[in-house]
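S.K.: Sequence:
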Amino acid sequence: MKSKIFFIFLILVSFLIMGAKPIIEVPDLPQKSELEMYEDSEGLFAMKIMEYYKMAVALESQLKLSEITPLTKVLQPTYEELEDMDFKIMRKYHKIAKSLEGEVLASPESDRQILLEKINELEGRLRDTIAIYTIEMGAVRNQMLDLMIKRLREIEEKNSENLSLIIEQNFVNCKDYITWLSIGGISKTFIISGNDVVRNDPGIGIQVAFNAGKMIGFWNGFELKYEYFAPKFFTQYQTQPEQRNIPRDQWNINANSISAGGKAVLGSSPKLVHGLNINLGYMWSDGRIYNRSDSRLNWDAALLSLEYFAASPSCKFPFEIFGGISVYNSLSRNLLFQTSIPGFENTDLGRTIISANVGLRYNVWRSPF
Numbered sequence: 336m337k338s339k340i341f342f343i344f345l346i347l348v349s350f351l352i353m354g355a356k357p358i359i360e361v362p363d364l365p366q367k368s369e370l371e372m373y374e375d376s377e378g379l380f381a382m383k384i385m386e387y388y389k390m391a392v393a394l395e396s397q398l399k400l401s402e403i404t405p406l407t408k409v410l411q412p413t414y415e416e417l418e419d420m421d422f423k424i425m426r427k428y429h430k431i432a433k434s435l436e437g438e439v440l441a442s443p444e445s446d447r448q449i450l451l452e453k454i455n456e457l458e459g460r461l462r463d464t465i466a467i468y469t470i471e472m473g474a475v476r477n478q479m480l481d482l483m484i485k486r487l488r489e490i491e492e493k494n495s496e497n498l499s500l501i502i503e504q505n506f507v508n509c510k511d512y513i514t515w516l517s518i519g520g521i522s523k524t525f526i527i528s529g530n531d532v533v534r535n536d537p538g539i540g541i542q543v544a545f546n547a548g549k550m551i552g553f554w555n556g557f558e559l560k561y562e563y564f565a566p567k568f569f570t571q572y573q574t575q576p577e578q579r580n581i582p583r584d585q586w587n588i589n590a591n592s593i594s595a596g597g598k599a600v601l602g603s604s605p606k607l608v609h610g611l612n613i614n615l616g617y618m619w620s621d622g623r624i625y626n627r628s629d630s631r632l633n634w635d636a637a638l639l640s641l642e643y644f645a646a647s648p649s650c651k652f653p654f655e656i657f658g659g660i661s662v663y664n665s666l667s668r669n670l671l672f673q674t675s676i677p678g679f680e681n682t683d684l685g686r687t688i689i690s691a692n693v694g695l696r697y698n699v700w701r702s703p704f
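Numbering (the numbering used here), first residue to last: 336 to 704.
To be clear, the hints were calculated from the coordinates, so they are not data collected in a lab.
Model, not experiment: these values are computed from the prediction.
Note that beta-carbon positions come from the ideal geometry of N, C-alpha and C, so glycine has one too.
The reader is advised that the hints may include incorrect statements.
Here are the computed lysine to aspartate or glutamate pairs in the EDC-like style, where the Cα-Cα straight-line distance is at most 20 Å [said to hold, decoys possible]: (1) Lys567 with Asp635; (2) Lys427 with Glu360; (3) Lys567 with Asp621.
Using C-beta positions, here's what the derived DEER-type ranges look like [to be verified]: (4) Phe652 with Gly473: 53 to 63 Å; (5) Ala637 with Trp554: 20 to 30 Å; (6) Gly378 with Ile467: 12 to 22 Å; (7) Ile551 with Ile613: 11 to 21 Å; (8) Ile689 with Arg627: 20 to 30 Å; (9) Trp554 with Met483: 50 to 60 Å; (10) Arg486 with Phe553: 45 to 55 Å; (11) Gly473 with Lys423: 21 to 31 Å; (12) Ala599 with Asn626: 41 to 51 Å; (13) Asn633 with Gly520: 23 to 33 Å; (14) Ile660 with Ile518: 16 to 26 Å; (15) Ala637 with Phe553: 16 to 26 Å.
Build out the structure end to end from the sequences listed, making use of the hints.
M.R.: Rendered as C-alpha cells:
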C-alpha cells in the first residue's frame with residue numbers, strides 16, 4: 336500500500352514541479368468542531384502531525400530539486416510532541432508546511448531533468464523517515480506495554496495481599512472481635528448437704544448472652560445473660576437403717592435467672608483466647624415431685640457466678656468451652672423441699688447452695704465493630 340502511494344506521489348511530482356506549483360496542497364487547520372476529535376484520540380493527533388510533516392518534506396524536496404534553498408526549516412516531530420496532544424504543536428507543523436507551500440508558489444519554474452535526477456534521493460529519505468518512526472514507535476509501545484504489565488502485576492500482588500488480609504481478619508482470625516450474641520448449653524451439679532434425703536444428678540440448661548456494653552457506651556465486655564435450668568433433684572425416704580429398697584421421688588423443677596456482668600480476656604494468641612466471666616444476678620425457681628400434688632418447692636436467691644472460658648480465635652470455629660461455680664444465696668428464707676411423707680415433711684438445705692458448672696457456648700454473632 337505504501338509503495339502504491341509513493342509511486343503516485345512521484346508521478347505528481349514529475350508533473351507539478353514543472354509549473355512551479357506545489358506538489359501537495361496544504362489544507363487549512365481543522366475547525367474548532369473538529370479539534371475535539373483529535374484531542375480525544377492520541378492516534379488521530381499523531382497521524383495529523385505526521386501528515387503535515389510529510390507535506391513539509393515533500394515541499395522542501397520540491398524546492399531543493401529546483402535548486403532553491405528553503406527559507407523555512409523542516410523540523411522532525413518528537414515522540415513527546417506526538418503524545419502531548421496540544422493544538423499548538425499541530426499549528427506549528429501546519430505553519431511549516433504552509434510556509435514551504437508559499438515558497439514553492441513564489442519560486443520560478445524548474446527543470447524536469449533535475450527532478451528526475453533527484454527523485455531517488457526523495458524516495459530514500461521518505462522511506463528512511465517512515466522506517467525510523469515505525470521502529471521508534473514500536474520500541475516505545477513495547478516499553479509502555481512492559482511498564483503496563485509490570486504495573487498490573489504490582490496491582491495484582493497488592494490486591495492479593497489485601498484480599499489475604501481481609502480473609503485473615505474477617506474469616507480466619509476473630510480474636511479481637513466483640514461477641515454480640517451467644518447461646519450455650521450448660522450442665523450443673525449442686526454441692527448440697529441434704530441429710531441423705533436430697534440428692535441430685537447433673538442437670539442441663541441453656542444460656543443466652545447479649546453484649547450490651549458497646550450499645551450503651553459502656554465497657555465492651557459488659558453482658559446481659561438469661562439462663563434456664565432444669566435441676567435433677569431426688570428425695571429418698573430411708574425409714575430403717577438396714578433398709579435396702581429405699582423409695583425416692585424425682586422433682587420437676589424449673590429454675591430461671593437473669594444476670595449482668597463482664598468478660599475479661601486474660602490471654603490472646605493465634606491459637607487460644609481465654610479469660611473469666613463474672614456475673615451478678617437474680618434466680619427464681621419452683622417445682623414439685625412428678626405426679627404428687629402434695630409436694631412443693633419455691634425459692635429465689637441472689638446469684639454470683641464465676642466462669643473460666645477458653646476458645647479458638649478462628650472465625651471458622653466460633654465455639655468456647657467454659658466451667659465454673661455459681662453461688663445462690665437467699666437473705667429471707669431457706670431452700671425447703673416440702674412433702675407429705677411422714678418424717679420428711681420439710682427438708683432444709685439452708686440459705687446458700689453452690690453449683691459446679693460446665694458447658695459449651697456458640698458465638699452466634701461476632702463483629703470487629
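S.K.: With reference to the structure, classify each hint as holding or not holding.
M.R.: How the hints compare with the structure:
With a C-alpha separation of about 17 Å, the suggested pair Lys567 and Asp635 falls inside the 20 Å cut-off, and the hint holds. The hinted pair formed by Lys427 and Glu360 meets the criterion: a straight-line CA distance of about 17 Å does not exceed 20 Å. For the suggested pair Lys567 and Asp621, the alpha carbons sit about 13 Å apart, so the restraint of at most 20 Å is met. The beta-carbon spacing between Phe652 and Gly473, approximately 57 Å, falls within the hinted interval of 53 to 63 Å.
About 22 Å separates the C-beta atoms of Ala637 and Trp554, a value consistent with the hinted range of 20 to 30 Å. As the Cβ distance of Gly378 to Ile467 is approximately 19 Å, the hint placing it in 12 to 22 Å holds. A beta carbon spacing of about 18 Å between Ile551 and Ile613 agrees with the range 11 to 21 Å that was offered as a hint. Between Ile689 and Arg627 the CB atoms are about 27 Å apart, so this pair conforms to the stated range of 20 to 30 Å.
For the pair Trp554 and Met483, the beta carbons lie near 52 Å from each other, so the given range of 50 to 60 Å is met. Checking the proposed 45 to 55 Å range against Arg486 and Phe553 shows it holds: the Cβ atoms sit about 49 Å from each other. The supplied range of 21 to 31 Å is met by Gly473 and Lys423, whose beta-carbon atoms lie about 27 Å from each other. Remark: the range hint 41 to 51 Å for Ala599 to Asn626 is upheld by a beta-carbon distance near 46 Å.
At roughly 26 Å, the beta-carbon separation of Asn633 and Gly520 lies within the given 23 to 33 Å, and the hint holds. In this structure, Ile660 and Ile518 meet the distance hint of 16 to 26 Å, their C-beta atoms being roughly 21 Å apart. Distance hint for Ala637 and Phe553: a CB-CB separation of about 22 Å, consistent with the stated range 16 to 26 Å.
The structure is consistent with each of the numbered hints, conforming to all of them.
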